Each structure stands twice: as structure tokens, then as C-alpha cells.
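With the hints as constraints, model all of the structure from the sequences given.
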Amino acid sequence: MGAPVILLQNVWFSHNGEPVLENVNLAIRKGDFTALIGPNGGGKTTLIRLMVGLLKPDKGKIRVLGKPPRSVATRLGYVPQNIGANQRFPVSVLDVVLMGRLTTFRRWPRHSRKDKDAARKALEAMEMWEFRNRHVGELSGGQQQRVMIARALATEPEILFLDEPTASVDTKHQSEFYEILRELNRVVTIVIVCHELMMINAYVKSVACVNRCVHYHGDAEVTQEMIDMYQCPVELVAHGLPHRVLKEHNGDERASS
Amino acid sequence: MIEALSYEFMRNALAAGLLASLTCGIIGSLVVVNRIVFISGGIAHAAYGGIGLAIYLGLPFMVGALGFSMIIAMIMAAVTLKARHRSDTIIGVLWAVGMAVGVILTDLTPGYNVDLMSYLFGSILAVPQTDLWIMAVMSGVILILTVLFYHDFLAMSYDEDFARLRGVPVAFFHFLLMGMIALSVVMIIRVVGLILVIALLTIPPYISEKYVPSLSRMMILSTLLSAVFTVGGLWLSYSFNLTSGAMIILVGGVAFFLSIFFDYGRSAIRTRKGAG
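Taken in sequence, the protein lines are chains U and D.
Residue numbering for the first sequence is 2 to 258, as defined by my numbering.
Residue numbering for the second sequence is 426 to 701, as defined by my numbering.
Since the hints were derived computationally from the structure, they do not count as laboratory data.
One or more of the hints may lead you astray.
[As the list claims (entries may be wrong)] Within a straight-line C-alpha distance of at most 27 Å, the following computed DSS-like cross-link-like pairs (lysine-lysine) qualify:
1. LYS60(U) - LYS117(U)
2. LYS507(D) - LYS57(U)
3. LYS31(U) - LYS122(U)
4. LYS62(U) - LYS635(D)
5. LYS206(U) - LYS31(U)
6. LYS68(U) - LYS57(U)
7. LYS31(U) - LYS57(U)
8. LYS60(U) - LYS507(D)
9. LYS206(U) - LYS62(U)
10. LYS68(U) - LYS507(D)
[Claimed, not checked] Covered stretches of chain D (in silico footprint by chain U; criterion: 3 or more residues with CB under 8 Å from a CB of chain U, positions within the stretch not fixed):
11. 590-601
12. 647-654
Keep in mind it's a predicted model, so treat the numbers as computed, not measured.
All C-beta atoms in this analysis are idealised placements derived from N, C-alpha and C, irrespective of residue type, glycine included.
In C-alpha cells form, the structure reads like this:
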């Protein structure tokens, strides 16, 4: 089994005095495919940003690959939630993906053959190589999302963090997208924020429910405890796949009716 | 124009204009893609405090303006580091305080008859040889820094968080960019004056942004456009004996509106084709 690749111990985080995460304990093993679910504002994005080192916890310990996140940041792939906030930004698909090859103070404006090969491989994996010279802002939301994922893949990460990667991918391409992730998961540990319960059931190996506290489950199922304590179904209902979950787990409603 | 070049001041003006175009193209592009036009405006106007200081202490214009804008730029960099797009109030205050300091310092300078207009609208026709050399060095510094750190600036401008994860020292480059803006602003004040700095810094990149696929080409096209505007404006101001700084901006402004009409026409034609 080995040591966990991601370890959070008694982690607290607040924003402007408002508690966002309280006493989070979480251990994710190598090769895992973990889904973070929970209501909006529950702290999923914060949790991911803590794990990649973009935020610092108020209290507690975070170890990623055995070290503080900031010191291993270049070994992590990160796909942020908001893609291309600046749609007019003049940058080509290939240039965005090459950003994944940046290192501290590279000092020379040329990319090496190795960098170009890695970028090509990542774009081909996301089936976006033919778009390499296109302006990113001209692409559809789903295509832009793939470019962001290709950029994360170009870093050749050991752990891949994805924050709602399918938000702008149409349903038809979602299962295709999860197939790619499954393929990647053979070598890469994946942590993903997502809402599609059907996808979670089919692809994910473990689930963590985030709503200020974190309830982690080693299996890919949403338990009664999660529903009661973390109000996960609220979110799941909102995303249109309520029936199975509610039938299996929502005892309260049955009791009250 | 050719005969005008027989005058030394015209040759100097042309050289100053072209050097300023180079910095405008590079720094203007970074300012526009980072959406920090307001911060640049703040630095430009606060530079007036430096002009006042130079007059008060009897220093050369470049030394006073550059030193003061550099300090203001570093303060603004510190203030905007955490939230690059949300520090409007403090920038506005620094903007105004800088100018006020300049006015008070010139008031306090005994017997000084201030030629405000030359600082507000530039004095490209009165650039001495020494200032030209300083401008050349400044342009060189900006060019070298941009080439050397192009990918860092690109990554930081496009996605700060991702750049940070890749180990790009974002805070360092944020301060460096502000410093480079201060450098270029001081140069451009010479050419078009501090009121019009923002126009020359932003019009060429705004036009370029729509037609190019990369930041580097945006810088090149913006530099060319700035050069056309400055040389064109200079020629018109010489021919009709009008204020050169304002003329340069007017040429840029006309080009700006032409490009908007051009886009409008192009998209109208496209939709008609799509419909038919």
C-alpha cells in the first residue's frame, strides 16, 4: 500500500474570518481516483488549492508526495475551475500547453525538443493537436477545457488535480473525457471535483464529501452518513441525477412522508 | 519631412519617437493583456510628483521623474500583488497625491516659471541628445528583460496560479513589470506628455490584439503601429505647426476608430454571408 501521496492532518482554513474548512483529515493513496463532492461553497475548490499549495492552511499539516505542497508543485498537474477568464488574450493552443513546461527562471525564450514533444503528446492525448495553432479564445468551451487539461498533462504530473473539468464539456463528450482520465489513472493519481454521480459510480475509486468538514470514503459510494451530515444530495439533485441516490439513501424523506 | 530632418531637433524628435514606440509596443501589450491600464495611468500621473521634485531640487527631469515613478510603481506593485485587478481606490489616491506633490513642489520653487504644458502634452521637439541616450538605454533594458523572461511574463499574464505552480516567481515578475512600466512611462512623457501616455500605451495594443495570435506578435505589431502614429503625428504637427504630442495621439485615435469600423464591417459581412 505504501504511504499516502496526499496527507492532510487537522487542517483548518478560513477566508476573511469565515471558516471554510475545519479540522480536515484526509489520506489519498497512490493510484487513487478520488472525487470531491459537496454543495457549492462547501470548500471543494479551497481544498484542491490547499493541496496544490496555492493556499496555506491556518493550522494543520499538508504533505503531498511526502513534502509540503509548494516544494513539489512542479510534479503536480492542476486544471483550474475558471478556464480562460480572458478570452481575448492572444495566445495559441500550443503556447498555452507549453506553459506546462515552464520551470523557474528558464532564462532563454526557446523551448527544447523535449518540451515540444511533451506538449505534442499531451495535445494528442486530448485530441487537440490539430488545433495547436488556433487562438484559444476562438475555441468552444469544451475544447478550451481540453487545452487546459493538456497543459496540466504536459507537466507530466504524478498527481492530477481537476476542479470541475466537465463544467463546460457537453454530455456527449463527458464519458469520452472520463475514459481518457481512466486511461491516465493507470500511472497518475487523480483528484477531481465533479458533480455527475453517474460518472462517479462508473469511474471513481473513492469519494470525499466536502462541506466545511471532509468525510472520506475509501469506496466509490455515497453513504447515508454523507447525505445526513454533508447535504451532498442537495447538490446531486440540482445536477439532475437524483433518483438512484435518493431511493437508496434518503431515509429522512421516507420517514416524514 | 526630409527637409525637416535637416534640423537636429527634428532628428532627435524622430529618434525619441521611435524609441518610445518600441517601449510602447512591448510594455503597452503587457499592460493591456494584464488589464492594468488604470495602474499604468496612476504611475504616469504620479510621475508629475517626480517632475516637481526634479524642479525643486534642480535635478534633471529624467532623474526626478524616474526615481519618483519607480517608488510609486513599487508601492502600487505591493498594493496590487494580492489582487491585481482590485485596488482601484489606493491607485486613485496615489495618482492624485503624486500630482498634488508635483504642483506643491513647483509652487515652492522660488522664481520658477512652470511650463506645465510641456509636461502635460510632451516636448518631443525639445529632447536633448543626453536624454536620447538615456532613452536608448531604457529601451534596451526593457527589450532585453522582455526577451529573457518572455515565457514567464506570458504565463503570469495568462494564468497567474498556474505560473506560480510551475515555479515562476510571480511576485518578482509583478514588481519587475511595474518597474518596467515606470521606465516606459517616463520615456513616453517626453514624447506625448503625461496626460496622453495612456493613449499611446494602450491604443496600439488594443488594435493589435484583435489581429494576432500571440503576445510576441502583438508586441511587434504594436511597436510598428506606435511608430506609424508617432512619425505620422510628428509630420502633421510639423506641416501644420500644431502641438506634436496631441497630434500623435489624434493619429492613433483615428486609427483606433477606423479599426473599430473595419471590424464592424467585417463581422456584418460575415453574418450576411452566413445568413445567405
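Here is how each hint holds up against the structure:
1. LYS60(U) - LYS117(U): violated (41 Å)
2. LYS507(D) - LYS57(U): Since the Cα atoms of LYS507(D) and LYS57(U) sit roughly 14 Å apart, the hinted pair holds (cutoff 27 Å).
3. LYS31(U) - LYS122(U): holds (23 Å)
4. LYS62(U) - LYS635(D): Violated, because 47 Å separates the two Cα atoms, which is more than 27 Å.
5. LYS206(U) - LYS31(U): holds (12 Å)
6. LYS68(U) - LYS57(U): holds (14 Å)
7. LYS31(U) - LYS57(U): holds (23 Å)
8. LYS60(U) - LYS507(D): Roughly 21 Å between the alpha carbons, so the hint for LYS60(U) and LYS507(D) holds.
9. LYS206(U) - LYS62(U): holds (24 Å)
10. LYS68(U) - LYS507(D): With a Cα-Cα distance of about 25 Å, the restraint between LYS68(U) and LYS507(D) holds, given a limit of 27 Å.
11. 590-601: holds (count 5)
12. 647-654: violated (count 0)
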